[in-house]
Amino acid sequence: MAVAVLPIHYPKEILTALDVLSVELWGPPGAPRGDGAGRIQSYVCSLARNALAFMAAGGADAVDGVLFPHTCDSIQGLATLATDFGGWGKKAFTFLHPKGPARESSRTYLEAELRSLVRDLEPFAGRRLEPARLAAAVALHREIDACRAALLDGRPRLAAGDPELYALLRRGEWLWPEDHLAELREARDRFREGPIRPGIPVLVSGYVPEPPALLEVLERSGAYVAADDYAAVGRRVVRAAAAAPDPWQAVLDRYWAAPPCSTRSADPDERARYLTGLLERSGARGAILHILKFCEPELFDVPALRRAFAARGVPVLVLEGELELELSGQAVTRVEAFVEMLAAGRAA
Amino acid sequence: MRAAAIGVDVGSTTCKAVAVDAAGRPVAHRVEPTDPRIEPQVERIVRELREETGAVGPVGATGYGRKRVPSGRALTEITCHARGAFATVRRSGALVDMGGQDTKVIRIGPAGEVLDFAMNDKCAAGTGRFLEVILGRLRVPFDEVSAQVSRAARAVPVSSTCTVFAESEVISLVAGGEPLEGILKGLHQALAARVAALARGTAGSGEVFMSGGVALNAAMVGALRDALGRPIHVVPEPQLVGALGAALSVLPGSP
Amino acid sequence: MILRRAQFELAGRVVGPFLASLDVWKRQLRRRRRAPRESPFGPPLESVRKLKELMTAHYFQGRFADGAVPVAWVTSGFPVEILRPLGFHAVYPENHAAMCGVQRLVPGLSDAVEAMGFSRDLCSYARTDLGSVVTGRTPVGRLPRPDLLACCTNICQTVLYWYRALADHFHVPLVLVDTPYVYGEAKPHHVRYVRDQLEELVRVGERISGRRAEPEALAEVARKAKEGTDLWADCLATGRSRPAPWTGIDGFFHMAPIVALRGTDTCNAYYRLLRDELRDRVRRGIGGIREERHRLLWDNLPIWFAVREVATLLAERGFNFVCTSYTNAWAEAGSRIDPRDLIGSAAFSYTHIILNQDLPNRLGILRRLARDYAVDGAVLHSDRSCKPYSIGQVDLKERLAAELGIRVLLLEADHSDPRAWAQEQGENRLTAFMESFG
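If you read the protein sequences in the order shown, they are chains A, B and C. Numbering-wise, the numbering used here comes out as the position in the first sequence, counting from 1, plus 21. Numbering-wise, the numbering used here comes out as the position in the second sequence, counting from 1, plus 9. Numbering-wise, the numbering used here comes out as the position in the third sequence, counting from 1, plus 51.
Keep in mind the hints are simulated off the structure, nothing from the lab. For clarity, every value in this text was computed on a predicted model and none was experimentally measured. Each residue gets a CB set at the ideal place from its N, CA and C atoms; glycine is no exception. All the given hints hold, so there is nothing to weed out.
Here are a few chain A residues that sit away from chain C, every Cβ distance over 12 Å (derived from the structure):
no., residue
1, 45
2, 152
3, 160
4, 161
5, 219
6, 263
7, 280
8, 334
Here are the computed lysine to aspartate or glutamate pairs in the DMTMM-like style, where the Cα-Cα straight-line distance is at most 20 Å:
no., chain 1, residue 1, chain 2, residue 2
9, A, 111, A, 143
10, A, 314, C, 162
11, B, 76, A, 240
12, C, 238, A, 141
13, B, 131, A, 341
14, B, 76, B, 48
15, A, 314, C, 463
16, B, 76, A, 347
17, C, 238, A, 105
18, B, 76, B, 41
19, B, 131, A, 343
20, B, 131, C, 172
21, B, 131, A, 347
22, C, 238, A, 143
23, A, 112, C, 236
Model the full assembly from the supplied sequences, consistent with the hints where possible.
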């Protein structure tokens, strides 16, 4: 069985343990087409608009179900629109994760919500969730995260271009976890650690690295992504020390240990602290906030993040995108101008 | 006087070129409407300038068509406008450049370095195109605008945020008997408000300079001064700032 | 502290109401001196005088609140009943932002926070409120500093991001009641989560106010809140008559007490007055507009900065909004409050407000309103600032039109930023819509 999963946060370990494949739906990018295209207003982010059009046009018919996390108001609305008013006729699940700071009520609730999701998934998957399988799934995803972390943290010394690296990492959005792990291991051997690569290191925080051409422009201009805080990539890499022996507890711990995200529990200060830590460890000299237009959770954090970076003398570029297939000339100019600015700063 | 470098600013509306001597002083220039076939046009302009000034030096290119300049070194308009403005004014501040299809604000540091920038190039309503469309529709020649606006007793507010809607709003105002001068003043205020909003987050508290074709419109300079509440210094030869910066960027011996 | 408290009480009970009535008296004097104009509206409600007094007094008293009593800034969907027995003075940034919207103050306030890096694409209420806080500019003299920020995500997730920014500015605790969205039916653990958060809220509230939440006091406030809700529902129900005794616009303004003063005697006394006046008008056949030819339903927030223009445009052609999903929301939220178990019933009730439930539920509410109020058309305000309310309207429009055989207009605007409203185009669409009724 397979489920399409809307961004961002969901319990991969549970799906893996139930032998359900997750296929993440980050858009898809491009103008929404078909009958569903106009059903969500144009002042809503293109992720919700594109996803509805895509599902309504049968784009996700290859999977058996869809999972909607409670990411934001737009995905919340998309879930009822698609399943209740047309666009998705098969099974639909929700993962209504808690918001705000981690309180006792949120911890209790998260466990209850996950158990409820499991109860709904079991008949769909045709099997019960067994503790041994859950433990194995936790171990598998821990290893995947360790490989991803190694690649992302070791970025400055990897002999690989950003387009190549991101293509590899993003395959994890739809591959069976074991296959993704095999590819990651192979890549770690292939991208042998070498001297620090040339180019200006930048930190990128945002939603999803689309279009991939953005990474190419960055590279051509003489920069590379040294620190990643994309919701689709770095923001879901859990760097937890050791897993609790009880697999349920491990799943809960992994949820709370993930990097801060505006759509979950983080307050802007927590995010600012995390990002400045990333900045320092990576040596990044500039920060790009690659925001999806109309994305309220991300946009509200911009002033606090700007302040935090300014306090460290790190220039910031706020780049708004709309999940296009092509990178617009205007976006290219902004990225090139930003890198020119950083390069001149180094020379001065 | 032998020129040592040439800079070309290929905008979507106009194509500008400047030839500079070894000391970076402008010795010749060109301004033409941009031809859709950019490469032959730029080749001709560069050839003409070389013939006029005896220049054999490199070509720097900026603007929307910068990558289409044959054997030119391409740099963004942000870097070039900062360089060109600083070469002229020789001090730090915020540069507001209003072009035909884009508006940018660049904060320039004491050594001429770019500290921050913001651009509006996705919507015509905050650019020179806004005035161009409506003035064209009202058949007001560009060189009469400033005089007319200064005669206005009060501004007639133009509230539409979209150029297309503003056009029809203005037509209604004219039909309704509102004085043309007042409408023109309102148009300038509307555009200035948008540019000021872009500037406020980036400009800082220092001096404000202005460049670009729109800076030749005194009414616009005045409206922006009012919107920002600060004096504005128009850079001499405001339209050529980008091309000058591009030339300086390739001048032998420059950083 | 004692002096401050005395000022607060005096401001609320004596000075505030006096200033308010003075203001109302001055307006009346001005109106009598002017010749009567041709107005498409019926005679104005007498109760509006009392409403202005109430709200003026509330905001005037607010100027003296900080330092006198604990102050909480609260979202409109927050279970404020729990804070009242602890002596909190509640401020509603949304209500304040609506006022700024009506008075067209939003662009200036928004400019101030846009300069800080907040996008213009963000909710205009948030930009207005943050802009007011950052600049100190407000049409109500002064808003008291909060000791507590209290937000409930039942109306939207945006309030959490907005109130986090407020917490960052004021450095005071933010208490959150996170309500999971209801798809179909709320699961027991969802309601338990909300209940747990309300218990946490009580503890935080007690700590800040220095008072205990006594069960009798909670029950008393619960009774008042439920009574106020029922009285508001009675007021709204008078709109079913032909002609409706008041306009939809009246409803938007008279909604202020049930939002901002819910759970108080003042609120309930006011709605008794209003209800009696409305029922009297029904008996005497007095309409909100002079010639009611068509009855409409309004969905989503009002367009605050154009509320009178839109109402007049419609009234001139005999159209009146006799019901709105927005005003109706406050006749439903408190109706399930049970004084015997305020915390438990509030957890259930506040989870089930219109914006926290799925689209089939929303369609059901619109359908029921349309039938009960016998409307022959509907305007769905596609409010760019309010995604939870606006997403789904394209489908709702088609379904309402098909199921009920009524004409429905989807109107793009914003609830408080006039820069997002193309006035001429918007009024054109409304006019064309009205013309289509023949």
